[in-house]
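Colleague: Each chain is listed here by its residues.
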Amino acid sequence: MIASTLLMSFLVQPMASAAVSSSIGPLEGPYFKEIRFKIFASSEAEVVGLLSGDVDIMDFFEAEQIPDIQPGLTDGSIETAQSAEQGMWGFSFQCERYPLTLTKFRQAINHLVDKDKYVREGLQGLAYVIETFIESPGYGPWAATEYKTYDFNPTKAGEILDSIGFVKGPDGKRIDPLTGETMRPLVIIARTEHPHRIFSARELAAQMDIVGIPYDLQEVPRSVASPLVFLEQNYDIYTSGWGGGPDVDWLWDIFHSTSPPSQNYQMFKNATVDAALDKLKFGSTYEECLEGSHEAQYLLSEQVPFIPLYAKAYLSPYNSRLKDVVDLPWWAGVTNSFTMTFATDKTQKYGSVLNVGWTSDPQQPSPMFEINWWWDTMLNNVIYDYLVQLDPTTFEELPWLAESWTSEPWTTPEGGDGLKLSFNLRDDVTWHDGKPFTADDVVFTWTYAKEQVNPVYISYLKGLQKAEVEDTYTAAAYLNTTSFWALHWVGANIPMIPKHIWENIEDSVTYQPIADGNLIGTGPYKFKEYKPGEYVLVEANPKWFLKPADSTLGYTTYTLTQGDTKSFTDKFTVGTTVITNGTYTATVMTGAGATVKSFTGTVAEDGTYTVTVDTATISPGTYTVTVEFSAPVTVVGIGARDDYNLVVQATQPVVEETPPDYTLYYALVGAVVVIAAGYVVMRRRAPGA
Amino acid sequence: MGLLSYVAKRVAFAIVTIIIIMTMNFVIFRMMPGNPVAMIADMVRLRPEQVARLYELFGLDRPLWDQYIQYMIQSFRGFYGYSYYSQRPIAEDIMVRLPNTLLLVGTATVVSIVLGMTVGIVAAARRGSLVDITAISFGFLGNSVPIFWLGLILLLIFGVDLKWFPIRGTTSVPTPTDPLALVLDIMWHMTLPTFALVIILFGGYALIMRAAMIDVLTEDYIQLARAKGLDERTVQYKHALRNAMLPMVTVIALAFGFLLSGALLTETVFSWYGLGRYIWDAILKQDYPALQGIFFIISVMVVAANLIADLVYGFLDPRIRQE
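So the protein lines, in turn, are chains V and G. Heads up: the first sequence begins at 0 in numbering that gives the first Met the number 0, then just goes up one per residue. Heads up: the second sequence begins at 0 in numbering that gives the first Met the number 0, then just goes up one per residue.
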């Protein structure tokens with residue numbers, strides 16, 4: 000239905016094809032009528048689902064599982080995308096714990112690391128050795144070209160230790176020069192859920208033993224490692240893993256001295272490195288940030304708070320019926336919102352169903368939840384949109400909810416350098432509940448997320464001083480920073496939420512929008528159903544702004560027998576004024592867009608508009624009906640538009656989707672009943688029973 | 000000792016057992032490494048007040064003795080605290096899954112018992128024959144196959160290759176709305192997991208039944224019955240079976256006690272939305288309150304089943320309450 004109450008002027012826009020061009024071609028979609036997120040209780044069963052065709056793409060897939068999908072690879076029913084993950088695995092040092100306070104000591108340990116062996120034996124070759132922090136190919140120029148390397152050389156490690164006074168004692172263990180006693184053992188923490196982490200840790204421990212560094216290797220599950228490392232920083236060496244997003248400013252979070260200890264759990268504090276990281280994170284030009292990135296990487300390779308070891312190879316399988324899947328290295332695979340929105344079925348361009356395998360229930364699907372729960376995020380990403388989207392391969396900004404944006408210097412009230420970012424919004428976007436999306440929503444989202452101190456977004460909004468609605472479709476953010484990344488912080492990292500729903504929610508962190516039917520975004524899919532333990536369904540949003548011009552996905556279908564009529568009614572108000580001078584029309588069109596017939600509606604005294612489509616003169620076939628309202632009100636027009644499918648039939652309608660086939664089941668149950676009955680009868684007749 | 004004092008003694012024993020189990024249940028989970036707040040903190044940067052809120056929610060800010068008393072009182076009230084993971088009351092989490100588990104494991108248990116007893120009786124009657132050897136071999140084989148493996152093999156054969164049965168879930172996606180279709184849909188979905196469970200379970204019942212029957216068939220009164228000229232069927236069913244049923248009463252009672260926990264791996268392989276899968280998830284996510292809650296319920300079920308078995312025994316066999 001058309002929104003009954005239009006609180007503000009809303010112009011009718013022609014539904015022209017509005018694809019956004021990107022490095023992977025023009026983006027428009029979705030093509031699937033529905034996504035079914037099917038929940039599996041084990042990854043083994045999920046793999047079976049991939050083999051049987053019940054799953055098209057999976058939430059997780061480890062390269063070690065390749066043998067399990069071999070039948071599908073052999074018969075061609077499964078294809079794969081593969082690359083190196085955009086992240087790093089390595090050893091973190093707790094740099095505040097002596098002797099790891101000594102740079103030389105950390106460098107010595109770096110010479111005990113045999114990365115090639117870790118990859119060859121610990122990961123069966125399914126990884127790439129890395130020397131610096133953001134080395135994955137996806138990062139392109141951001142990776143440093145100059146950095147210090149440390150060859151695997153225990154002798155050299157021993158020499159360095161000798162040079163700083165840690166000489167070998169009579170028992171072969173190193174002596175602490177401060178106490179003159181054998182040095183304390185270094186606590187190495189390795190997490191048991193990843194065998195490769197255990198492998199690297201054991202290898203390092205063995206080498207430490209050879210050069211005489213005492214150690215205490217603790218192989219523990221995440222629940223034990225997490226408090227020690229993230230909360231208490233009570234460790235010496237930890238087998239770290241970092242997944243990097245497209246923006247490399249995350250390097251700052253890991254190593255800057257003012258970053259919280261839960262992030263910089265190396266407790267690394269170095270003024271020179273800080274300066275380089277600040278340049279990377281707060282530099283106002285691309286060149287400045289790039290320079291900061293390279294400097295920081297060089298300095299970090301010299302200081303060794305962390306030894307980068309490898310990036311894992313990933314292989315991301317998908318059903319070969321899919322076409323145009325998008326592989327994102329920072330998501331390690333094809334299971335992402337780009338695939339869900341822009342991929343299609345090879346044989347059926349529109350209207351097929353995408354099946355996504357999940358090994359967990361969503362926890363609390365909400366764009367304002369305090370935790371980035373993987374499955375929640377996957378769902379949020381197809382329901383909500385951002386102002387700006389990042390290109391999947393170049394990471395450049397693509398116009399999304401914002402058609403364009405401008406950036407200009409702004410002086411903060413304190414006289415500091417700041418930025419004013421103005422976003423010019425698309426005017427053809429509506430929320431899933433039919434209300435128009437405007438600058439009010441944008442300003443609300445920014446200020447609300449900041450007021451609620453949402454831990455997921457707070458670092459992006461720290462610099463937000465104020466936000467203003469400039470006009471219906473222009474929103475401006477005033478920031479106390481001039482950072483090159485600021486556009487991404489406020490534009491590409493915060494999903495837009497509807498003001499009319501969230502303004503009444505006091506505690507966003509505990510709020511479950513799904514329970515109230517309030518999981519309302521502007522995105523390519525609308526939330527449909529969640530059945531705990533079983534599935535989550537989302538359906539194509541027929542009004543998404545990148546909808547292909549010839550798509551009728553999500554339209555309500557009216558199936559009429561020739562000669563039948565179908566009426567549409569609605570009422571329009573501006574504030575409290577009922578509008579009675581508008582025109583209300585219904586246009587029947589062919590798939591190609593040719594008008595078959597137009598009908599003009601009437602208006603009753605109370606302002607109710609009615610338009611009736613009469614199929615008497617329309618020959619049997621499939622059409623679309625566009626019901627449009629427009630009215631001149633003061634200086635701007637107001638209007639609304641809805642589209643429907645119309646099937647005109649000469650005969651009875653057909654059932655669209657066939658339910659599961661129970662024939663076999665009936666046969667089986669019947670057979671059992673017959674056999675049982677027969678048995679009982681035979682026994683009754685048997686003599687002596 | 001009369002029947003009444005026998006019953007009183009059994010009930011008292013049951014209550015003491017439950018209290019001991021509950022105490023151990025409390026102690027074990029407090030001794031486990033790690034803490035849930037740290038687990039959550041691992042996923043996100045929490046604000047200090049959020050950490051405090053979580054400690055409060057889970058009652059971890061109170062002294063241990065206080066936690067223990069609260070735990071005992073709340074457990075008997077049917078409140079098992081909040082799940083660390085879903086942050087919902089555990090009783091709610093359990094209640095939505097309970098019907099599914101009862102349906103699957105209940106059906107499988109009944110089928111297994113009937114099948115197992117039948118096979119056991121037939122095997123005992125033809126002791127040493129090919130039928131006996133085949134039955135015992137299958138019983139042993141089924142009993143020793145890992146169900147996780149069996150389940151996956153069944154899925155690969157009947158789900159992937161033949162496509163006769165669905166590979167996951169309690170219902171289709173989306174769930175049918177027509178009631179008859181829904182019933183059929185659920186039956187269709189529970190066929191493979193039930194089949195897997197029956198294969199695993201029936202052997203145990205068959206072996207016990209067979210042993211009990213063979214035991215009884217060597218008794219003097221069986222000889223007497225045969226001497227009286229009764230036909231073999233009457234001897235077996237009227238004279239032997241009734242007496243051989245005594246050990247089965249205990250086994251059957253216990254089987255129902257373990258109804259709730261019996262299908263952990265089956266539910267996991269077939270993605271059945273039941274309590275077994277809940278236990279599995281809780282173990283993986285170290286959701287201690289959830290485990291505590293469900294262990295409590297299982298303990299009560301097992302103790303209650305034992306109690307019922309004891310009482311039934313008392314009725315069936317007067318010698319027992321005379322002891």
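Since the hints were derived computationally from the structure, they do not count as laboratory data. Some hints here could point you the wrong way.
With a cut-off of at most 30 Å between alpha-carbon atoms, the simulated BS3-like pairs for lysine-lysine come out as follows [stated by the list, open to error]:
{"id": "1", "chain 1": "G", "residue 1": "Lys-284", "chain 2": "V", "residue 2": "Lys-311"}
{"id": "2", "chain 1": "G", "residue 1": "Lys-237", "chain 2": "G", "residue 2": "Lys-227"}
{"id": "3", "chain 1": "V", "residue 1": "Lys-570", "chain 2": "V", "residue 2": "Lys-530"}
{"id": "4", "chain 1": "G", "residue 1": "Lys-284", "chain 2": "V", "residue 2": "Lys-32"}
{"id": "5", "chain 1": "V", "residue 1": "Lys-348", "chain 2": "G", "residue 2": "Lys-162"}
{"id": "6", "chain 1": "V", "residue 1": "Lys-498", "chain 2": "V", "residue 2": "Lys-419"}
{"id": "7", "chain 1": "V", "residue 1": "Lys-461", "chain 2": "V", "residue 2": "Lys-498"}
{"id": "8", "chain 1": "V", "residue 1": "Lys-530", "chain 2": "V", "residue 2": "Lys-542"}
{"id": "9", "chain 1": "V", "residue 1": "Lys-278", "chain 2": "V", "residue 2": "Lys-434"}
{"id": "10", "chain 1": "V", "residue 1": "Lys-465", "chain 2": "V", "residue 2": "Lys-498"}
{"id": "11", "chain 1": "G", "residue 1": "Lys-162", "chain 2": "V", "residue 2": "Lys-530"}
{"id": "12", "chain 1": "V", "residue 1": "Lys-322", "chain 2": "G", "residue 2": "Lys-162"}
{"id": "13", "chain 1": "V", "residue 1": "Lys-32", "chain 2": "V", "residue 2": "Lys-103"}
{"id": "14", "chain 1": "V", "residue 1": "Lys-116", "chain 2": "V", "residue 2": "Lys-172"}
{"id": "15", "chain 1": "V", "residue 1": "Lys-103", "chain 2": "V", "residue 2": "Lys-147"}
{"id": "16", "chain 1": "V", "residue 1": "Lys-530", "chain 2": "G", "residue 2": "Lys-284"}
{"id": "17", "chain 1": "V", "residue 1": "Lys-542", "chain 2": "V", "residue 2": "Lys-322"}
{"id": "18", "chain 1": "V", "residue 1": "Lys-32", "chain 2": "V", "residue 2": "Lys-116"}
{"id": "19", "chain 1": "G", "residue 1": "Lys-237", "chain 2": "V", "residue 2": "Lys-345"}
{"id": "20", "chain 1": "V", "residue 1": "Lys-434", "chain 2": "V", "residue 2": "Lys-419"}
{"id": "21", "chain 1": "V", "residue 1": "Lys-527", "chain 2": "G", "residue 2": "Lys-227"}
{"id": "22", "chain 1": "V", "residue 1": "Lys-278", "chain 2": "V", "residue 2": "Lys-147"}
{"id": "23", "chain 1": "V", "residue 1": "Lys-449", "chain 2": "V", "residue 2": "Lys-465"}
{"id": "24", "chain 1": "V", "residue 1": "Lys-311", "chain 2": "V", "residue 2": "Lys-268"}
{"id": "25", "chain 1": "V", "residue 1": "Lys-147", "chain 2": "V", "residue 2": "Lys-167"}
{"id": "26", "chain 1": "V", "residue 1": "Lys-348", "chain 2": "V", "residue 2": "Lys-542"}
{"id": "27", "chain 1": "V", "residue 1": "Lys-527", "chain 2": "G", "residue 2": "Lys-237"}
From the derived model, a few chain V residues whose C-beta atoms are all more than 10 Å from chain G [what the hints assert, rightly or not]:
{"id": "28", "residue": "Leu-50"}
{"id": "29", "residue": "Ser-51"}
{"id": "30", "residue": "Leu-545"}
{"id": "31", "residue": "Thr-599"}
All residues carry an ideal CB built from backbone N, CA and C; glycine is no exception.
Colleague: Would the pair Lys-498/V and Lys-419/V pass a check requiring their Cα atoms to be no farther apart than 30 Å?
Modeller: Roughly 22 Å between the alpha carbons, so the hint for Lys-498/V and Lys-419/V holds.
Colleague: Can you confirm whether the C-alpha distance between Lys-147/V and Lys-167/V stays at or below 30 Å?
Modeller: holds (27 Å)
Colleague: Check whether the Cα positions of Lys-278/V and Lys-147/V lie no farther apart than 30 Å.
Modeller: holds (21 Å)
Colleague: Has the given pair, Lys-465/V with Lys-498/V, been kept, meaning a C-alpha gap of at most 30 Å?
Modeller: holds (17 Å)
Colleague: Once the closest CB in chain G is found, is it more than 10 Å from Thr-599/V?
Modeller: holds (39 Å)
Colleague: Are the Cα positions of Lys-237/G and Lys-227/G separated by 30 Å at most?
Modeller: Distance of about 14 Å is within 30 Å: holds.
Colleague: Could you grab the alpha-carbon distance between Lys-284/G and Lys-311/V and see if it respects the 30 Å cut-off?
Modeller: At roughly 24 Å apart (the allowed maximum being 30 Å), Lys-311/V and Lys-284/G satisfy the hint.
Colleague: Is Lys-570/V within 30 Å of Lys-530/V, Cα to Cα?
Modeller: Given pair Lys-570/V, Lys-530/V is violated - Cα atoms ~35 Å apart, limit 30 Å.
Colleague: For the pair supplied as a hint, Lys-311/V and Lys-268/V, is the alpha-carbon distance within the 30 Å limit?
Modeller: Holds: Lys-311/V and Lys-268/V sit about 29 Å apart, inside 30 Å.
Colleague: Would the least Cβ to Cβ distance between Leu-50/V and chain G come out above 10 Å?
Modeller: Check fails; 5 Å does not lie beyond 10 Å.
Colleague: Is the straight-line distance between the alpha-carbon of Lys-348/V and that of Lys-542/V 30 Å or less?
Modeller: This hinted pair holds, its Cα atoms lying about 18 Å apart.
Colleague: Are the Cα positions of Lys-527/V and Lys-237/G separated by 30 Å at most?
Modeller: violated (60 Å)
Consistency note: the structure conflicts with the earlier hints numbered 3, 4, 9, 13, 18, 19, 21, 27, 28, 29.
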